[in-house]
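Asker: Top line first, the protein sequences correspond to chains A and B. The opening position of the first sequence corresponds to residue 1 in the working numbering, with each subsequent residue numbered one higher. The opening position of the second sequence corresponds to residue 1 in the working numbering, with each subsequent residue numbered one higher.
With the Cβ distance kept under 10 Å, some of the chain A side facing chain B (calculated, not the full set):
(1) Ser69
(2) Ile72
(3) Ser73
(4) Arg89
(5) Lys90
(6) Leu97
(7) Leu99
(8) Ala105
(9) Gln106
(10) Tyr124
(11) Phe177
No wet-lab data here; the hints were simulated from the structure. The beta-carbon is built from N, C-alpha and C at its ideal position, and this holds for glycine as well.
Read off the chains here:
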Amino acid sequence: MIKISNLSKTFQVPKKEPGLKNAIKALLKREYITKNALNNLSLELKEGEILGLVGANGAGKTTLVKILSGIISKTSGDVSVLGFDPWERKNAYRRQLSLIMGQKAQLWWDLPAHDSYLLLKEIYQIPTKKFNDNLKLLTEKLFVTNQLNIPVRKLSLGERMKMELVAALLHDPKVIFLDEPTIGLDLLSQKAIRSFLRVYMKEKNPIMILTSHYMQDIEELCPRLALMKAGEMIYDGPLNEIMNKSGALRTLSFDIDHQRSGLDDFFQKRELKMNCSENKVSVQIHKDQLSQTLKSLLNTFEISNLSTTRIDIDSVIESYLSYEKAN
Amino acid sequence: MILLLNHILAMKKQINIFLHSLGIELRKTFMYKIEFWVSFFATTCIPVLVSYLMWKSIYAHNNVSEMNGYTLSELVLYYFCIHLSWKAIFSKGSGYIARDIYYGGLNKYIVYPVSYLNFKFGEYIGKSVFYFLNLILFIIAHYMFLGNEVTFFNFLSSFLLILLSTLTFYLVSSSIEYLSFWVDNIWSLAVMLRSMVAFGGGVLVPLSFYPESLQNFLHFTPFPYLFYYPVQIMIGKKSPYSVLTIASILSLWIILSYLLNRFVWKKGSYKYSGVGI
Chain A
1 MIKISNLSKT FQVPKKEPGL KNAIKALLKR EYITKNALNN LSLELKEGEI
51 LGLVGANGAG KTTLVKILSG IISKTSGDVS VLGFDPWERK NAYRRQLSLI
101 MGQKAQLWWD LPAHDSYLLL KEIYQIPTKK FNDNLKLLTE KLFVTNQLNI
151 PVRKLSLGER MKMELVAALL HDPKVIFLDE PTIGLDLLSQ KAIRSFLRVY
201 MKEKNPIMIL TSHYMQDIEE LCPRLALMKA GEMIYDGPLN EIMNKSGALR
251 TLSFDIDHQR SGLDDFFQKR ELKMNCSENK VSVQIHKDQL SQTLKSLLNT
301 FEISNLSTTR IDIDSVIESY LSYEKAN
Chain B
1 MILLLNHILA MKKQINIFLH SLGIELRKTF MYKIEFWVSF FATTCIPVLV
51 SYLMWKSIYA HNNVSEMNGY TLSELVLYYF CIHLSWKAIF SKGSGYIARD
101 IYYGGLNKYI VYPVSYLNFK FGEYIGKSVF YFLNLILFII AHYMFLGNEV
151 TFFNFLSSFL LILLSTLTFY LVSSSIEYLS FWVDNIWSLA VMLRSMVAFG
201 GGVLVPLSFY PESLQNFLHF TPFPYLFYYP VQIMIGKKSP YSVLTIASIL
251 SLWIILSYLL NRFVWKKGSY KYSGVGI
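Next comes chain B alone, as it looks inside the complex (with noise of 0.2 Å):
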């Protein structure tokens, strides 16, 4: 009974740590105004206005009104939620860890009594938060907009689902960048997971515009179900019962990464030598 107990205040003080460096992060994001609306625009406004101005053209130079499944309208919205999606699953971009190791950050994370791990993670929400926000934003003012009609139900079951993704997401990316521990750059191998998602995540276009063997092929990989099934739910193009199977995928990946991430930070640990001070 005093086990659970302590497991269950150890567990409160865990959250109560994340939920403060998601806080810390909230406040740097609306620190700067200005920087605020410029990534608020930059970041998102302007590549959606720019695949709406290039598919716009491509449905009129083929003049037809659907392509692979997706009306203009459809494809518009595919592009908001997954531009978003994406952006608030790989919030704080690359070398977020990396340079914590690289410059001796990470001194000042091993001297406190918390989770590095926890800690951080709290801060990685913190930076998607902005991106959830944009993306609730953007589905109004499509709707109030454009009229497509994304429904409660289905925007809160892929909303839980981006969620877990981020955590996958997260536990993949850091046990990258603890390989700082034995190399000095990790830059190159952050690229390419970054690319690696964007592409198999269907963040360029629907994978539904993809070869069938390589769509049959992506089904094995993590990629799609980390923000392309959650958003196809959202936009109404799958069934939100798929949420389950989804969600069961996701869980198994995120042990899997989990597992790899304490392994990775366990040996890396013994090779760092808290450069900086």
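One chain only, chain A, in its complex shape (with noise of 0.2 Å):
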């Protein structure tokens, strides 16, 4: 279980001026500024829950991720997991964690994984028979058994980030942060990824925090969802709720030469924004909405170009920043 009540962090971070003048100057006297990246926060996770962990860049969620992993220590507050203040570090905390950083490999680089996942038998104990069932499983599973003899850093990087997973998984992990798992991935091996993760949970039951830039990744696999902002929780509760709020929204884009005129009325009328730049046009419009609207334009005006694409998490912060502010 994972509980966390009033925690703030605070970091005093050097101001650097730009200049000469002010570089030199600053090795006389250097300012600081107090930055607050975490603020009052409380949340609690039960065993087998996941929670995705959403905020635009800066917001606090990986900050609160090294908290709850021991990488840094917190400012004030309380923090427990599996019973453990995370900053004592003890080994016996530490052997039920697993962290997966989607931008900083864990294995050894220059050697094949499987020489890693052998250091990582020694380093967490792994009883023999265990680590090869847990090894040939996992590999089977995300179809790297082929790779495993192979260097690192000539795999491609879908194969490194699924290499990764078997690495943080070995020991089976009672508590997992994963950090932008699919970040810079492609479609087959994002969805890959998140097919896993779902089997997986289903059958090992984890404490899973996911921090993620991508809607699908969120949308797939965390019931339930935290959206952070400045440091602040902002809204802790299912994802459903959200997505109905703000969410279901998708960007509708299109070309068109003629009639540009009476596009802003046919928007207007149905409350919705237009955003044109030359004859590119782009309107937010709730997924519902969009069918209908989507016969009425083709209907009426001659256009090109026709896209529709869900909106992007920031998108989502924002629209459901507006929301609470209209209600």
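Since each chain sits alone in its own frame, please combine them into the complex, following the hints.
Answerer: So this is what it looks like as structure tokens:
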């Protein structure tokens, strides 16, 4: 179980003014800015729960994950994970923990993944039988059995991420922090990792906190969502609820060469705000409203290059905040 | 009894992890064939060859067969041994921990249930093994071509001392590397330490070439004990019975540098912001 109450974290960041004169000045006297990374944050997670942690860059998601994994200390508040204070960095806690950082390789770059796994076997003191069984199971499910003896640096990004996942799950962790596990991957690899994680969660039932900028990751894996902004938790609840309020928006884009004057009226009537630059038009629209509007649009105007896309997480946050303000 | 058993088990685990991280470093060293051989010749053969040619011409120019108690052949052997011992002790160079702190590579070690200090020491020794192997090869080659014999007893006692020196230097250098928790760039400090050790440890010239007052002063620093005296024992210039005295002095430095290391780590960890994720 994870229990966080009134957690705050502040950083002292050196202030660096531009220019040579200021650089010389800073040699004698440096000024610091206090940055509130987390502010009175409270959260509870039970065994088997997956929390999707989202927020714009600098919202404090990674700081929270770092505190929970014992990498950095808290400034104030209480944190307990599986009954341990992460900052104490007790081995009994670290043996049950796993942190996967999408942008940071944990495997030894020059060696085949298998060598790193053997080292992890010693680090986590995994019995040989359990190690062999887990390795077989994980590599088969992620389709990377044939890549085990290839140096990590020679693997594709998708294969590397899968190898990282194997490394992180070999010791059957009870708490998993996944930081951007699908970042930079192609659609097929993203899908493979998502379906693997879904099955893994069902079978092993650990607590998982997932941070991602891909809405698809959150939608497919996390029934519960926490939304962070400027170090504060502005929403913590079912994903469905927030998606109904803001995530069900789609961006409708198209090109138009003629009849542009009628477009304003068309969207105003439907209470939609249109963005127009040269002949390119984009509109944010609720998915339930989409087919009807599209039908009328095609009947009324001559348009080309029509496309609809899901809005990204930053837009969901923005849209949620404007919804909260309006209500 | 149970407490003792737990302690033994914990130690066994630490030793296992140390050996595995050592193995990983060795595998990395042997991974790239070309780099291995280039490093073998560039970092060991060339500097020693340059020293040999330089001293050969100095001896010939002065028309002497001995300088400050060294014949040319002994001086060449001295350079072999001191150069490779220095490489072994300074195996990972500068920045091997500072980079982890600066770029956030430390994160993964914090999450692992292991001691970072122990893990990195395994890697450190893993890198040193390459130079130890070179040292053995050169001593054999030197014996075959120039005839200077290094007795097994001398070699063994000095080898054990060099292992202690490696631990001492690792603890001191890692304490300095930990300063990266506070300052972004510790490169200049690391270079300063490296230069001091090279100067005070006789890497440039044997300490007997220095003025006597300077030699006396250096005895009060840890530098000559790191590899100058061990090498003196190896080449037969110092009695192997001084091993115990040198080992005791090194042990004292190990205790002091370990306490310093733990202190700096504890204080520095609070400053760590785990950049990079």
